[in-house]
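What follows is each chain in one-letter form.
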Amino acid sequence: MHNLWSRVNIRLRFCDLLTPTHVPVVGPAGTKDPYGNLLAPLALSLNVSSATLVRRSRAAQYKYQSYFHAPAVFAALQFDATADLRSLFQWNTKQVYAMVTVAYQAPGFPTNKITVWDTIITNIDDARLMVANAENKYAITDVQYRDAARFNGLAVTARLEWCVHTYVGATRCAAMPDELAAKFTLPANVGERVSYRGDRGGVGANKV
Amino acid sequence: MNPFAIKFRQTLLQVLNVLLIVSSALMIWKGLSVWTNTESPIVVVLTISMEPAFGRGDLLFLSKPASPLEVGDIVVYKLEGKDIPIVHRILNVHTPADQNDDAEPQYLLTKGDNNASNDRTIYGDQQPGKLWITPREVLGKVYGYAPYVGYATIVMNDNPQLKVVLLGALALFALLTRE
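So the protein sequences, as listed, match chains A and R. With our numbering, the residue at position 110 of the first sequence is 110, and numbering never jumps. With our numbering, the residue at position 14 of the second sequence is 1014, and numbering never jumps.
The hints are simulated quantities; they were obtained by calculation from the structure and are not laboratory data. Hints should not be assumed to be uniformly reliable.
Unchecked claim - Anything over 12 angstroms on all C-beta distances counts as not near chain A; from chain R, calculated:
hint: 1; residue: 1011
hint: 2; residue: 1015
hint: 3; residue: 1034
hint: 4; residue: 1038
hint: 5; residue: 1080
hint: 6; residue: 1095
hint: 7; residue: 1157
Said to hold, decoys possible - Quick look at which bits of chain R chain A covers, simulated, 3 or more residues with Cβ under 8 angstroms:
hint: 8; segment: 1096-1108
hint: 9; segment: 1160-1172
Glycine included, each C-beta is placed from N, C-alpha and C at the ideal position.
I would like the entire structure built from these sequences, with the hints used as guidance.
As structure tokens, this is what we get:
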């Protein structure tokens, strides 16, 4: 016991004797992970009410922050989304990041996924997500952005997803189940708008 | 034994002890790198571009997974020509079909939560026209974090004299400890 190192050594050996070998290493609260069911959010819904294929223009580039390239076509969506994310706010939750993503397949690219809208919820009081007639915040354009016909008639799936960020520890993410995801088809030509709500005037695309 | 020889052996023992500690630390660090499959398994956040999720001084635990990166993952990437890696969230992922050895497996677009627009300003800084990053530039995906623990690193980076003082103090402590 003459120096720091031998004192530390003896402490560590003591701890070794006390380590239980037949008891699971969990606290008195049990083994239940508070985030065990990340799909617990209630009232999940995502309805895309309309989709427009917008031709390239300076205004569109600025609106969707495409400052470094000029995509030939942008897809503009309007959607409603609800989600009751209050069950995700446990003691360890710092924030919940909710996003709407659009996934599609295109020639040469089997999977594509774009985040079109996101929000950060830091408080359980703001955790009941309810947006109506929201537009996509971010550009919906493809890797092959010079191809103006890229999005014509493309089948896409929009999904609401969320990630829980904790004060300490791991980040966990989940997505809404497939049956609730919004599956729809983009308009057949650039410049057209398709409405997915029950049309009062009739069915089909409305030309912009 | 003559006293000079005894003193010499004691000093040598001290030096070897210090080397043992230093090499153990290095082994643990490199072992962690191998286990997490990334060259920097633990990083410190320097900017506020990911608030409120990560703030300055937070410690992030990284790992480079074998499975493809997904939208919503928070990754740390390092661009050629820039020495500081950036930790931001993946917004877009595009997977090309042709998967030769030299083809990129994914095209990624990232954005900091607290930033107004995506990272193409940063990509284009050294490589004008660069619109996407690839998994090759990604150091790792963030799996978990510890708040504020890394603030000491930021303080030491901003005041390099502090590093010298700390090392000096450690050396003094190591050499003056008596067996």
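Indices of hints not satisfied (ascending) | Of the numbered hints given earlier, those the structure breaks are 6 and 9, listed in rising order.
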